[in-house]
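**Student:** Each chain is listed here by its residues.
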Amino acid sequence: MKRFNKIFTVVVLFFLYIPMIVLAVASFNSGMDIAVFKGFTFDNYSELFRDSVLLPLLLNSVIVAVLSSFIATVLGSAAAIGIHSMGPRLRRFTMGVTNIPLTNPEIVTGVSLALLFAFVGTMMKINNILGFMTLLIAHITFNLPYVILSVMPKLQQMDPHLEEAAMDLGCTPVQAFFKVVIHEITPGIVSGALMAFTMSLDDFVISYFVYGPKFVTLPVEIYNYTKKPLQPKIYALFTLLFAAILLVMVLMNLLQVRDMKRNRENRRAFRRKQVNV
Amino acid sequence: MKSKSLAAPYLVWMVLFTVIPLAIVAYYAFTDSQTGQFTLENVSNIGNYMPILIKSIWLALISSVICLIIGYPVAYFIAGCDEILQRFLYMLVMLPMCISFLLRTLAWVALTEDTGIINNIITALGMEPLPLIRNNGAVVLGMVYNYLPYMIMPLYTVIMKIDRNLVEAAEDLGCNGTNVFKRVIFPLSVPGIISGFTMVFVPAVSTFYISQKLGSSGTTLIGDVIESQFKTAYNPNLGAALSLVLMVMIFICIGVMNRFGDDEEVITL
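One line per chain: the protein sequences are A and B, in this order. Going by our numbering, the first sequence opens with residue 39, and the numbers climb by one from there. Going by our numbering, the second sequence opens with residue 3, and the numbers climb by one from there.
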């Protein structure tokens, strides 16, 4: 059974990476058709770096992702701390509101925001309301729940006596927060911010309903491209992105493994010392 | 405590950009596009789209079940590895989601097209090309591929947390391998199954890109209809009515599924 599961897992992982292999091979293809490999070339990569359309769009995506994840992290972390000290009734209401964008299909979130902006646009008589601001608002909105869901567990795991102890020792509540609480919840804030950043960078469905022609992000442009034949330099761009992400993830994994091993050795050394004493 | 008020800006934001927009969706669903007066026309028009809605639910259900069947053994295997390997395998499952799902779907189009990679190989071997694309099967393949990690994630988290002592206790009391799984591990992983099922079903039932690329005119899904009302047909009132139906239907589905799990916390990831 275990052997079967092992082979099965390898097969499924391979299945998950098939499109990446196709894209990577296509990025070195000299022909335009992704399905026919004409010959090996680096032209797509050199064209990518001379390109003046794709890279600015990637920059647009990064700008929205950085800003929206930053604002969502600040708003969301503060909210998590607030929710933590709420009574059960208010808390249930707030968590209910938090769950709406998580359970709603993305298309409904996109449509509802598009209608809101259209409504405000006609009210305030603004013709082209869709643009950078609407995109940013939409991204902050769908990022917020992810930040809250990663900070809340850290607050719940935290020993409430720590904060009290700090205040007993003369801290004001604000000092106690910055000296004690913030250190306990930092891992949650960081993972929430990272999650928000990746969600925002890759979002297509919601962006598609609230973007304006003046400010386009990369996923939206790829969708618009796919009505015409796709240029191979896009494959080159995403092969590079994938390679970069893979490298970062593997490095982080190796660092964690090193830390884990070191911790284990330290514990062993500590135990040996205790025995000797 | 004053810190309660720290949540105030967040609540204002969520009311402005989540609750009010949904109210506007309801408003549009019940008003006429020209006159802006109250009408039931949009809602009664939904009847015409019933077959499409049922088809969307059906394909999304099939995809969720396939994801569960494929995802469970994988999550079970990962949860049984040692800690270092667990982290590595989990990363491998998550990693494909970092690359634009539009491009990954396009790669599947390139693979399954009539003159695509798979059919090129088949014809090179001297066989007849297969009709792989523009059918229900291709849409289900696209859904399973795109949302499989959403099934594996919660399953892995739940299975990993199962107390190994329980398994040992069951073995001590005379359970064999199959019975340990049937009586201990599987019942304890039900919350993971439910949350994985919702995490696959909700995006699958509302997708429009996958069906546009891998399906044909016969596999139009409810997401395609909503998208076209906003982007090409310009009837936002009908689009709003359909969105409302989709939303209500999903909330009912989640409610029913949570009945199975009798655990209120399931949907919160």
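No lab work stands behind these hints: they were computed from the structure. Ideal Cβ positions, reconstructed from N, Cα and C, are used throughout, including at glycine. Just so you know, not all the hints are guaranteed correct.
Listed next, the in silico PhoX-like pairs over lysine-lysine satisfying Cα-Cα at most 25 Å (straight line) [stated by the list, open to error]: (1) A:Lys44 x B:Lys6; (2) B:Lys163 x B:Lys184; (3) A:Lys40 x B:Lys6; (4) B:Lys215 x A:Lys40; (5) A:Lys271 x A:Lys252; (6) B:Lys6 x A:Lys217.
According to the in silico footprint, chain A covers these stretches of chain B (three or more CB under 8 Å from chain A) [what the hints assert, rightly or not]: (7) 23-37; (8) 141-154.
**Student:** Look at each hint and say if it fits the structure.
**Tutor:** Structure-based check of each hint:
1. Restraint check for Lys44 (chain A) and Lys6 (chain B): the C-alpha separation of about 49 Å exceeds 25 Å, so the hint is violated.
2. About 17 Å separates the Cα atoms of Lys163 (chain B) and Lys184 (chain B), which keeps this hinted pair within 25 Å; it holds.
3. For the given pair, Lys40 (chain A) sits about 50 Å from Lys6 (chain B) by alpha-carbon distance, which is inconsistent with the 25 Å threshold.
4. Only pairs whose Cα atoms come within 25 Å are accepted, and Lys215 (chain B) paired with Lys40 (chain A) is rejected, the gap being roughly 37 Å.
5. For the suggested pair Lys271 (chain A) and Lys252 (chain A), the alpha carbons sit about 23 Å apart, so the restraint of at most 25 Å is met.
6. In summary, the hint linking Lys6 (chain B) to Lys217 (chain A) is supported, as the alpha carbons are separated by about 19 Å, within the 25 Å threshold.
7. Check on the segment 23-37 of chain B: 5 of its residues sit with their Cβ under 8 Å from a Cβ of chain A, so the three-residue criterion for coverage holds.
8. Counting residues of the segment 141-154 of chain B whose CB lies closer than 8 Å to any CB of chain A gives 3, so the stated coverage by that chain holds, three being the minimum.
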